[in-house]
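Trainee: Listed here are the chains, written in short residue letters.
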Amino acid sequence: MSALALRVDAIRKTFRRGPKETVVALDGVSFSAQAGSLSALVGPDGAGKTTLLRLATGLLTADSGEMEVLGIDAARAPQEIQNRVGYMPQRFGLYEDLTVQENLDLYADLHGVSRATRPGRYKRLMEMTALGPFTRRLAGQLSGGMKQKLGLACALVRSPEMLLLDEPTAGVDPLSRQELWEIIGELVADRQTTVILCTSYLDEAERCSHVVVLHEGTVLAQGAPHEVSALAEGRVFLADPPEGQTARGLQARLLDSADIVDAVPDAGRVRFVLTGAGSAPRGVEATAVEPRFEDGFMTLLQRKRESVRSASFTLERPLKGHTTEAVEVRDLVRMFGSFTAVDHVSFDVRRGEIFGLLGPNGAGKTTTFRMLCGLLPATSGTLKVAGLDLRTARASARERIGYVAQKFSLYGDLTVRENLDFFASAYGLRGEARRRRTSWALEQFELGSHVDLRSAELPGGYKQRLAMAAALLHEPEILFLDEPTSGTDPLARREFWRRITALGEQGVTIIVTTHFMEEAEYCDHVAILDGGRVLAQGTPADLRTHVPAEAGRAATMENAFIAIVEKARHEDSARRRSAA
Amino acid sequence: MTRDDLTAKLRRVLALMRKESFQIVRDPSSIALGVVMPVVLILLFGYGLSLDVKNVPVAVVIENPAPLATDAAAGFRLSPYFDAHIMTSMKEAEKLMLERKVDGIVRLRSNFSRDLSLGDAQVQILVHGADANRARIIEAYAQGAMAQWAARRQAQVESVAGGPVGVVSRLWFNEANDSHYFLVPGLIVLVITLIGAFLTTMVVAREWERGTLEALFVTPMRTDEFLLGKTLPYFLLGMIGLGLCFLASRFMFGVPFRGSIWLFAGISTLYLMIALGIGLLISSAVKSQFVASQLTMVVTFLPAMMLSGFIFDLRSMPAAVRAITYVLPARYFVALLQTVFLAGNVWSVVLPDTAILGAMVIVLLVLSRRVTRKKLA
Chain A
1 MSALALRVDA
11 IRKTFRRGPK
21 ETVVALDGVS
31 FSAQAGSLSA
41 LVGPDGAGKT
51 TLLRLATGLL
61 TADSGEMEVL
71 GIDAARAPQE
81 IQNRVGYMPQ
91 RFGLYEDLTV
101 QENLDLYADL
111 HGVSRATRPG
121 RYKRLMEMTA
131 LGPFTRRLAG
141 QLSGGMKQKL
151 GLACALVRSP
161 EMLLLDEPTA
171 GVDPLSRQEL
181 WEIIGELVAD
191 RQTTVILCTS
201 YLDEAERCSH
211 VVVLHEGTVL
221 AQGAPHEVSA
231 LAEGRVFLAD
241 PPEGQTARGL
251 QARLLDSADI
261 VDAVPDAGRV
271 RFVLTGAGSA
281 PRGVEATAVE
291 PRFEDGFMTL
301 LQRKRESVRS
311 ASFTLERPLK
321 GHTTEAVEVR
331 DLVRMFGSFT
341 AVDHVSFDVR
351 RGEIFGLLGP
361 NGAGKTTTFR
371 MLCGLLPATS
381 GTLKVAGLDL
391 RTARASARER
401 IGYVAQKFSL
411 YGDLTVRENL
421 DFFASAYGLR
431 GEARRRRTSW
441 ALEQFELGSH
451 VDLRSAELPG
461 GYKQRLAMAA
471 ALLHEPEILF
481 LDEPTSGTDP
491 LARREFWRRI
501 TALGEQGVTI
511 IVTTHFMEEA
521 EYCDHVAILD
531 GGRVLAQGTP
541 ADLRTHVPAE
551 AGRAATMENA
561 FIAIVEKARH
571 EDSARRRSAA
Chain B
1001 MTRDDLTAKL
1011 RRVLALMRKE
1021 SFQIVRDPSS
1031 IALGVVMPVV
1041 LILLFGYGLS
1051 LDVKNVPVAV
1061 VIENPAPLAT
1071 DAAAGFRLSP
1081 YFDAHIMTSM
1091 KEAEKLMLER
1101 KVDGIVRLRS
1111 NFSRDLSLGD
1121 AQVQILVHGA
1131 DANRARIIEA
1141 YAQGAMAQWA
1151 ARRQAQVESV
1161 AGGPVGVVSR
1171 LWFNEANDSH
1181 YFLVPGLIVL
1191 VITLIGAFLT
1201 TMVVAREWER
1211 GTLEALFVTP
1221 MRTDEFLLGK
1231 TLPYFLLGMI
1241 GLGLCFLASR
1251 FMFGVPFRGS
1261 IWLFAGISTL
1271 YLMIALGIGL
1281 LISSAVKSQF
1291 VASQLTMVVT
1301 FLPAMMLSGF
1311 IFDLRSMPAA
1321 VRAITYVLPA
1331 RYFVALLQTV
1341 FLAGNVWSVV
1351 LPDTAILGAM
1361 VIVLLVLSRR
1371 VTRKKLA
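Each protein sequence line maps, in turn, to chains A and B. Counting in our numbering, the first sequence runs from 1 upward without gaps. Counting in our numbering, the second sequence runs from 1001 upward without gaps.
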């Protein structure tokens, strides 16, 4: 088949922001997608991915240019397109106060699925999404991954000719992500459905037949994923950290070097990409490897953004000389009614360590976090933070910790400076100390150019910087970050981890939750949570031993995670069966 | 449109209505606004608020307790409108007035009896003027009480047949002079405004906020189907509120109903459609629940309460404000309701006002159909 399912020709779309400013979301974008193919739009935040999908569904109208979906002009006959495509918006777009079944029925009715074909179709969808046992549950009570699967099921109630998915796996744990991709793969392979999706997971782009790399409204590159990977051909290396140095340390050092585009910790080693063809920097033992999509992508974006390299920073007063454990958790339990959200969790975090809590949605990560920060009382168990028992000395423990919540929780109507001033005074800083700390924060987080912008108007990456800056104003010993990189693009994530590494080096203890498994490589220790229990903990290398290394390549953290969680769930159900 | 298209359309509207009904039943705030609120308003306005002036505490000062003066004072004591405190010292009465223990003083001077026999008696009536409206009513009642007494006395003194002129006054349409008679029907305006405009705007804004419309728009659902599916359930809810108000007015407060029930249902339907139309118009422009609620309050609920003639008399408003009331649908609806309840099917009032409401329905529904688009920005 060679028919075009989507043809985008010189599309331009602008939005008005405020009374004067116009933002160009898409600037002369052209590409096309073959019928029955799987295409991905990738790019950092603000690249225009979502706008492009909304134009294709007729939810927005382009300023100029042409767009044909399934041969229909999107500007002229949006309804016809809406009759024929399946669309899943980025935010969970279903009714939370309706059950799974009621949501499905609503979409089946709207799409005119006949009564006769329904039972078979529902059965198929339930098998595909494994939502069968939950049909009577309210959609709002599903986990993040299950919600996404329900959204996909609703978009599939009547086999659309084309499926448009906006970040279908954002904020979803690796297990659910794997399941979602199996469904998508099946659709393309078995039913020749055309699928177009946006993603910020670069490994997902590799599974597609066509990739469009967008950046600030323009196409940087497009083609098969290997064509993008090829851009980094001969420039990608794997290096072992020298004796006595962590992979993270070497990675940070490499990232600071001018002729390196990108460096990430990779299974105990460091993977890096050079700006031009050449050999590894002096003093680094490295072997050349095949480039991945991510390497090509970073090479493409290298000319566009410089922020990753400059993201390192220094504390005013490095923390040194503490020897006690930063956090001690013993048999921590938290019940909500009869539901056990956290079930006898124990772990220790040493001073100056980066500690990662990993787990699927609903594993109990956020609940554990809230208890550690003294925001939620524990049902039982002991909790010591900075050597203080949270039951008796909650207030003084809080003075020594910083907390960055999952959602942006600063005041959107206040400017950057006003927010910092407010939080500084909330922490009891005044006069000279307050001035010194706020200017430190502005400088270190490079917020100077945005100081008078209302924080709601900040671009995504800047919001996160501001949130971190506010949490560090009172020079805490321990910093808690709940899903800090959820929904941010690869560049912002690099930048974020560069700062975290620098903080760790200067003695701040970091405790972070994430569901990007590769980010666990930045941590000294990791604990994997599921169903409120710790399934495994140790260094990333320890955890990787849970799966045998594939030929020539060490197991990824993601494989290890999936193996550990699946094994535990399997044992669980086996135990329940034998008990019954 | 073929028959199949029509069935498909109907099926989609039904699906949307079913979804909306599930949400109404499961969302405590819709129930609160649609059912609890009307009941609370009925109880509040019915039992709590009364514009009647009754049992007004007054001091009746009899400076000289002659039989004629005590007879005149008895008139106040027996009146249901007054709670008379008889006393002999003006000083004492003034003190009570200052402390606002009484709202008025009726002073029968020491020469009252003598002057009366000369045919030129004067009674001083002092009223606490802090609440001007109430003061005027008290003044009128006090004058009325004195006039009645004077007339009675005259009838006794002169021969029964040869009395000069007797004043017979009667309040038409509200014989019992009970403010519930116009407050409770007026409540229907508030309840329908609340359910029609307020609730509709809130639920559409909620869909914008939660992002549920984005997925819903990319389906074969048409705009008119969306509007129907959204409004019909709230239309039914509004009808329930209307029924509650009607029953309460008839059976809890004994308000007479003199017009036709069909006419009543008809005009209420028109007004409900107007309220829904305004709700849909607002929600096509406003996408946050907070702004939607504020805007609907200011545009619909407050005018319906203050500027419709429901509580405040339209004729005593300044001309500029009165001009505004002519564009408010609530004004016509209140006039219609009061007519249908208390006066009956007075066609000279009913026809023009109904025609105006009907025109507003058409304009609003066409307009909201026009402005509602399956677009995000």
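Don't read these hints as lab results, they were simulated from the structure. The C-beta atom is built at its ideal place from N, Cα and C for all residues, glycine as well. Incorrect hints may appear among the rest.
Taking beta-carbon pairs under 10 angstroms as the criterion, some of the chain B residues facing chain A (in silico) [as the list claims (entries may be wrong)]:
hint: 1; residue: A1008
hint: 2; residue: R1026
hint: 3; residue: D1120
hint: 4; residue: W1149
hint: 5; residue: T1212
hint: 6; residue: E1214
hint: 7; residue: V1218
hint: 8; residue: T1219
hint: 9; residue: R1222
hint: 10; residue: G1266
hint: 11; residue: R1322
hint: 12; residue: Y1326
hint: 13; residue: D1353
hint: 14; residue: I1356
hint: 15; residue: I1362
Trainee: Return the numbers of the hints above that this structure violates; sort them in rising order.
Mentor: 3, 4, 10, 11, 12, 13, 14, 15
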